[in-house]
Amino acid sequence: MADRKRENSGAKNSRRNKADPGYGAQIREAERMLTEEQNGENPNNNKSADSTSEKNERSREDTAEQKLAKLAEERSLLIKQLENGLEEREKVVQELTEKLEKMPVGKDCDGTSNEYLSDEDAQKLLERVLEAENGAQKEKAEAEKRIEKARKAAERARKAKQQSDAVIKQAEKEVRDILDEADRKEKAIREEASLKQEHFNITDSKMQEIIDDINSRRPVQETESGTEAADTAVMSPKEKKAYIRAEKKALRERRRAERKKLAETKKLARNGYLPRKTQEQLIEDAIMEMIDENNLFGEARKSVKELVMCDGVDPNNNGYLVLNDSGQDIYVMCMYIEKNKRKNDFAVTYEKLMNTKGVTTSIYIEPMRDGKAVRTMDKRVLILDSEQQGAAKDGDRNRYRKLGSKLRDTEKYADDVESGNNNLYEVSFIFVLWNTSLEQLMIDVNEFHNTALNSGNIELCSCYSTHPEAFLSAAPMNRLYKAGTGLVKTCCVKKHVMDTYSLSCIFNHTRSDFYHENGIIAGRNMSTGRPATFDCYDKMFDSYGVVVCGSTGTGKSATIKMYFTRYADFGVRIASIDFEKVGSRGEYSRACEAVGGQNFVIKVGSEYTINLFELDTQLEYDESTDLEYEDLNVMDKVSDLVNIIYTMATYGKNKPSYDTEVYFEEIIRKIVMELYEERGIHDHDVASLFRPAQLYGERVKKKLPVITDFYKRLLLEQKRNSDSLKDQAYSLLRSAMQSYVRYAAYTLDTLKFFSREEVDLMKRNDIGQVVYEDVEGNSHVMEVVVGTRSFFDGQSTIHVDLDTPWINIDISQMIDADRPIAEAIAANYLNENFVKKNSSNPRKAKKRIIMIDECHKMFPYEHLRLFLADLYRTARKRLISPWVCTQALHDFHGFAETEAILEQTSIMLLLKQEPNHEDYIKKVTRMTDAQIKMLMELGGNPMDKSQGNSRKGELCMIMKGHAAFIKVDYLTDSEFDAVETDMLKIQEMHGRMYKERRAEDNAVIQDVS
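The opening position of the sequence shown corresponds to residue 139 in this note's numbering, with each subsequent residue numbered one higher.
Be aware that one or more of the hints could be misleading.
Said to hold, decoys possible - SDA-like, lysine to any residue: derived pairs with alpha carbons at most 20 Å apart:
| no. | residue 1 | residue 2 |
| --- | --- | --- |
| 1 | 1061 | 1075 |
| 2 | 479 | 635 |
| 3 | 1061 | 1099 |
| 4 | 793 | 869 |
| 5 | 982 | 675 |
| 6 | 290 | 302 |
| 7 | 677 | 1099 |
| 8 | 323 | 385 |
| 9 | 1098 | 681 |
| 10 | 550 | 509 |
| 11 | 850 | 888 |
| 12 | 490 | 1101 |
| 13 | 479 | 501 |
| 14 | 984 | 766 |
Because the hints were derived from the structure by calculation, they are not lab data.
Only a predicted model underlies this, so the values are computations on that prediction, with no experimental measurement involved.
Using the sequences and the hints, build the whole thing.
If you want it as structure tokens, here you go:
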């Protein structure tokens, strides 16, 4: 049975192959033809086909007519073969169907009865026949689709052939016109030459010799005109075009070389190195000039611009202009505003464009006549109204709404114009950029284009091909030049229609006065003399940070003291770190006490101590529930301590290796966390910071770790350490931290610790070492550590009252080398007890200022920079205004952390700066050249010892990119005691005030008597 099925299947396949002779080959041939047509030349791209047709036509064997005929013939043959194949297939299917219907049960198709075909097998055979028939129908449909594609390809080829014929005819016509023009010019040249011959009385033979000599130097095709005519006659149109282009190029190169040679000859003749030309040579030169002037393809054709342009200007560059200034080429590019901003801001929209270095700006304002202005608005109203009606018809609700808004605005403007309350103007902007380097000019143009986009999506466009006219228009001649020939002329820039209000915003100047509603008196404006008020919490600022920069003697400290005493009168609470000393006190001490503040002096033997490990709760705010709660953030404190202790360990030493640095941080972090853990202080657990309450009342904070505890834990960890790679890190860290320990005594072998009183009772050995004897009688040598920098080893004795007007931590009495570390520890303490105590609820947060003086002393140390940057960010989130004071703005340069502080700062108070820092100041502040120059000329020279020094206190206040120059004056009678640092002046002022009070008292006594 299986053999019978295979035989039937084989018979069926053989019949299919017989019925479809070449059927698959025909389909493949049609696909190949379609692929060739798709990969070939696109008939619609006539322009690119015309530019590349010379190479393609040589590579093709058939013309367009032959290909079209071949496609039609193959299409007819393919259709005929498909019809024959389908007829044969239908016959086979019909024959098989008839046999199945006539075949009795139990017999095969051939009538034999050796085996029987069951009903199930017959049904399967019939299904296969039907499947074959369905497959044939699908193949037929696919073949018809491919035939249709082939027909369309043939139609496109026919259209392409018609278009190419039209292009060829047009090209032939242009070539004939060019040749006719050349013949006319040659005839004119010969007539002119005849006139010259008669004028100079030259014989025909001599004239012929001159012409022959000229022709001998001309290209071959000009002397052999007959041969060329014969050659071009057999050329194809594309070959003719290529030939003409080559002739143009060769002629231009020859003329250029001859002109160069002629210029050199004239130069030598002027210098007396050549004899004067003969009459024949002059005639020859005249004829050559006539040929050049009348030559259709000569360079003289484009010298019209050169004739009207002034000397030293090359107007033939479409992309830019070249000026020659005493032998130096200057590249110039002119630009105009193509798309302007819809709404302008006074002195803001165009400020960056008009203040860009190397850019000259010209603005032309032409008022519209009343009639033209009204017609312009009427036309605009009609356009918007028709567009709105179209949007309503299309059902576009959003477009209808937007057009309605524009229509209402336009009608309002139209009413103002008609009533005379407003007017329209045509305004043109021209920006001229120049540079001695073309490459740098392109870079400047790109940056200027980006600046315009960042100024409100203003789009600039180059004055392409009209740079000479635009350059002249930018000159102060109050005229816009147009480019064109005859009646066809075009303006080199675009005109924008602006009304009176928008026009008033283009002027690039503002009044430098400023006024903050709730501000303190900051000083007088140096330009106008008007008073200026300053509030670091004004709504115009995004952040509250202030950077104050000024060298010693410029009035920086006096300015800060005046501002702080005035802020204290407004209820602003202040905390400061006093770095510099005046006599035996810090320079801010007297000002702090003058407003009722409190000074904490940190020095050797001082009663005040700041614990490095000081930790306190902070107030947080949940916006979702509008609730305020206390939180304890131990991990943030650990991170701050890692940065500070690492700096303490490496302070004044070479930077450790990478491995040692990693081990340092790991060891410090581990010990600090263990110190808090062993006291039961846990992250985000407020109750763990306090002792269990015995009675109702104030909470009592647990005893916190100190530096001595850190040192003891370090010794224990070093003894337990089993990692040999960390041995060096432990040893270096132990040696470095000894100087910060107030007192520590322990046995070297067992690490048993003793108090000072216990050590005093112990005996010493022969070499002076303290020896401890245990109960078993064993002796143990003691190590006694007494540090020289133990200012911060102990529980804090400073308690901050947030209602105190001014808290001043005075570290000025320390030696210079210890102050940067002391300043970081003091800032860490204020961060815990002053900054974090302010609520993060915007409705409950109070205005507070924290000032870190001379913070540039901390910048060289990476971990202190990290700590300072983190403190700056934390203060900003809690309505704290951080004031960072340095000697120069350039101190922030070179460190990512310090430059991040500048980026987050909205206010800068700059006193006199060093001239060599000018570039960096300009980069950071975006000030103009004139403003930078004025900054460098501010008063406050430290070398000026003249009495009064009236120019001290001049500063530049930069607020969100806007600069104002202020003269700070203090109130002599009320603020001198807080501000003045000269003791002689203080004595004089006190003496004068004493005399005035005595005079007042005497006057009162006389009145009473």
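Do the hints match the structure? See the list:
1. 1061 x 1075: Holds. Residue 1061 to residue 1075 sits at ~19 Å (cutoff 20 Å).
2. 479 x 635: 12 Å, holds
3. 1061 x 1099: Distance of about 11 Å is within 20 Å: holds.
4. 793 x 869: It holds: about 16 Å lies between the C-alpha atoms, which stays within 20 Å.
5. 982 x 675: It holds: about 15 Å lies between the C-alpha atoms, which stays within 20 Å.
6. 290 x 302: Answer holds: residue 290 to residue 302 is near 18 Å, not above 20 Å.
7. 677 x 1099: 15 Å, holds
8. 323 x 385: 17 Å, holds
9. 1098 x 681: 10 Å, holds
10. 550 x 509: Within the cut-off at roughly 17 Å; holds.
11. 850 x 888: 12 Å, holds
12. 490 x 1101: 14 Å, holds
13. 479 x 501: 16 Å, holds
14. 984 x 766: Between residue 984 and residue 766 the Cα gap is close to 15 Å, so the pair holds against 20 Å.
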